[in-house]
Amino acid sequence: MTDNPIALDDRPAASVRASAFRRRLRAVAVGVGPVLVAIAVWWIVALILGRARVYPTPDVVAKTLVEILQGKGQLGSSYAHVAATMGRLLAAFSVAIVVGTGLGVLAGRVRVVFSLVENIVWVFMAVPSIVWVFIFVVAMGISEVVPVAAVAALLTPMVLVNVAEGAKSVPADIVEMSRSYKATTWQRLTGVFLPYLVPYIAASARTSFALGVKLVVVAEVVGLASGVGYELNYWYDRLFMGPIVAWGIVMIVIGLVVDYGVFGPIERRVGRWKGRPVGDAAIGRIG
Amino acid sequence: MTAGVPEQTSGGLGTGSVAGTKGPLDVELRKVSLLFPRPDGKGLLPVYEDFDLEVERGSFTVLLGPSGCGKSTLLNIVDGILKPNKAERLSVLGQDLRQNDDVTRQCAYVFQNPRLLKWKTLRGNVEFGLRGLKVQPRERWPELMDKYFGVVGLRDFVDYYPHQVSGGMQQRAAIVRAWVNEPRILLMDEPFSHLDEITAAELRRELVRLWTQDEERRTVIFVTHDITEAVELGQRIIMLTPRPASICFEQIVDLPYPRSEGDERVFEIEKTLRLVLAERAGVRG
Chain A
1 MTDNPIALDD RPAASVRASA FRRRLRAVAV GVGPVLVAIA VWWIVALILG RARVYPTPDV
61 VAKTLVEILQ GKGQLGSSYA HVAATMGRLL AAFSVAIVVG TGLGVLAGRV RVVFSLVENI
121 VWVFMAVPSI VWVFIFVVAM GISEVVPVAA VAALLTPMVL VNVAEGAKSV PADIVEMSRS
181 YKATTWQRLT GVFLPYLVPY IAASARTSFA LGVKLVVVAE VVGLASGVGY ELNYWYDRLF
241 MGPIVAWGIV MIVIGLVVDY GVFGPIERRV GRWKGRPVGD AAIGRIG
Chain B
288 MTAGVPEQTS GGLGTGSVAG TKGPLDVELR KVSLLFPRPD GKGLLPVYED FDLEVERGSF
348 TVLLGPSGCG KSTLLNIVDG ILKPNKAERL SVLGQDLRQN DDVTRQCAYV FQNPRLLKWK
408 TLRGNVEFGL RGLKVQPRER WPELMDKYFG VVGLRDFVDY YPHQVSGGMQ QRAAIVRAWV
468 NEPRILLMDE PFSHLDEITA AELRRELVRL WTQDEERRTV IFVTHDITEA VELGQRIIML
528 TPRPASICFE QIVDLPYPRS EGDERVFEIE KTLRLVLAER AGVRG
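Residue numbers (the working numbering), protein chains in the order written: chain A, 1 to 287; chain B, 288 to 572.
It is possible that part of the hints are untrue.
What the hints assert, rightly or not - Quick list of in silico lysine-lysine cross-link-like pairs, BS3-like style, CA-CA up to 27 Å: (1) LYS405(B) with LYS168(A); (2) LYS373(B) with LYS318(B); (3) LYS168(A) with LYS329(B); (4) LYS370(B) with LYS168(A); (5) LYS63(A) with LYS214(A); (6) LYS318(B) with LYS168(A); (7) LYS407(B) with LYS373(B); (8) LYS421(B) with LYS434(B); (9) LYS434(B) with LYS373(B); (10) LYS421(B) with LYS370(B); (11) LYS421(B) with LYS405(B); (12) LYS329(B) with LYS318(B).
As the list claims (entries may be wrong) - Going by beta-carbon spacing under 10 Å, a handful of chain A positions derived as facing chain B: (13) GLY71; (14) LYS72; (15) GLY87; (16) PHE124; (17) PRO171; (18) ASP173; (19) GLU176; (20) MET177; (21) SER180; (22) LYS182; (23) GLN187; (24) LEU189; (25) GLY191; (26) TYR196; (27) VAL198.
Since the hints were made in silico from the structure, they are not lab data.
We put the beta carbon where it would ideally sit given N, CA and C, even for glycine.
Put together the whole structure using the sequences plus the hints.
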């Protein structure tokens, strides 16, 4: 390879450009190709199986998607359902971030607190979301609080573990500096710990959101008369699979948009003071 | 405690206790003992045993000794962030630290590494110190910051983040973070040891200028393992032995500032210290 470096440089520019074009074309083909193939296979299989109600073809799903986008639907405005789901998610997500961060900092800095919450946290994370939903439905009845509480109960320990891990890794010399300069607890929290933890919080916010989207829908299926989960439950009861697939696609798109549009930029913004990429645990997590 | 004072002290103007007039004491430690748990968890390691130290107000005291003999530990004790296991007297600025360590807000620390918060600008970092040490009145902060950033030539860089400036500038900012509080006592722990020699020499000159510009000089306790640096800066050089640390030699340097390395008297004192260091400080006291 290194034998003939001149030959490489001597290649005509046009051919280089052409090969770049070909490479991009190949990249697009690799990205889009499988999707097209999957849709084709889906279509063929659905046609063979017949019964478009149970095995909807892509065009049926597309038609339902258009209806959803138009806000029409047998259960009222589809936008209202999406808004209801996102509102619950946002509430549970906020609780998880605030409580998880607060307890996480404490657990990361105070050994006793860490050993205290360590086991509880794993129990909370191991319990299936549906169990939480049933418990909360029994405890509080069918209400708005149920899905929020259930999702928060699952997301909070996740944030807590991440933040505690981060709080443990705050460099000792920085902590000593803040002690030497007699910084108050509040000053240490806002000036040292929270800024240091921002990448950890941002990373766990991202994963919490992705997980939360799934959980909140499950909670709605069981306990509520609005939201995307309610739609899914309604169509499942009537064995109409078209809308279920369509709503699945809607949730995928929402998830992608929030991830790329909100969390992506946030993660790029935080840690601007880092300047260059650091071989930090926090960064590894994000990547 | 003064065991091990050498018989001949060429070039020195005095040994043992501080010669001449004795001003008020800013730091007074008597029979201070400090134990650290051994790394293997078996038993305790004495870092200090019945250690005595007196530091006069307005003096520049250098603690000289090999690495790991507990010089920084001593600064931490004076700063109140490390409590000794035992002490007959533990007084800073006339106040017993065991009763009330509020007085340590009059101490400011310059560490071996800048230890700046990388998410704060240089100004933000300096403000962190002002806020922590509760420097009053707040209205003076901008003026104080402007003054001390100016002295070290960082006025144009106050809005930069630490990673955007050089290591020397970071250490300058760390010096500003300490001096800006106009503290009574400055604790400096090998602050130039991580810098290249040219930058270090420059910062030493700046430090001398900072210290001599005040009519009422601040008390400086400066830790180093560098003999040249000790003689360039110190009025009084205290040499420590390894653990348990004890004072094995004291040297008063009564030469005017700024001192030059080419000065024969400086050279003579360095030679003495080198001899003593080779003879004693390497051995357990």
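Here is how each hint holds up against the structure:
no. : hint                     : in the structure
1   : LYS405(B) with LYS168(A) : 18 Å, holds
2   : LYS373(B) with LYS318(B) : 8 Å, holds
3   : LYS168(A) with LYS329(B) : 25 Å, holds
4   : LYS370(B) with LYS168(A) : 23 Å, holds
5   : LYS63(A) with LYS214(A)  : 24 Å, holds
6   : LYS318(B) with LYS168(A) : 36 Å, violated
7   : LYS407(B) with LYS373(B) : 39 Å, violated
8   : LYS421(B) with LYS434(B) : 18 Å, holds
9   : LYS434(B) with LYS373(B) : 41 Å, violated
10  : LYS421(B) with LYS370(B) : 22 Å, holds
11  : LYS421(B) with LYS405(B) : 22 Å, holds
12  : LYS329(B) with LYS318(B) : 25 Å, holds
13  : GLY71                    : 44 Å, violated
14  : LYS72                    : 49 Å, violated
15  : GLY87                    : 32 Å, violated
16  : PHE124                   : 31 Å, violated
17  : PRO171                   : 9 Å, holds
18  : ASP173                   : 5 Å, holds
19  : GLU176                   : 7 Å, holds
20  : MET177                   : 4 Å, holds
21  : SER180                   : 4 Å, holds
22  : LYS182                   : 5 Å, holds
23  : GLN187                   : 6 Å, holds
24  : LEU189                   : 13 Å, violated
25  : GLY191                   : 6 Å, holds
26  : TYR196                   : 7 Å, holds
27  : VAL198                   : 8 Å, holds
Hint compliance for this structure: hints 6, 7, 9, 13, 14, 15, 16, 24 are broken, all remaining hints hold.
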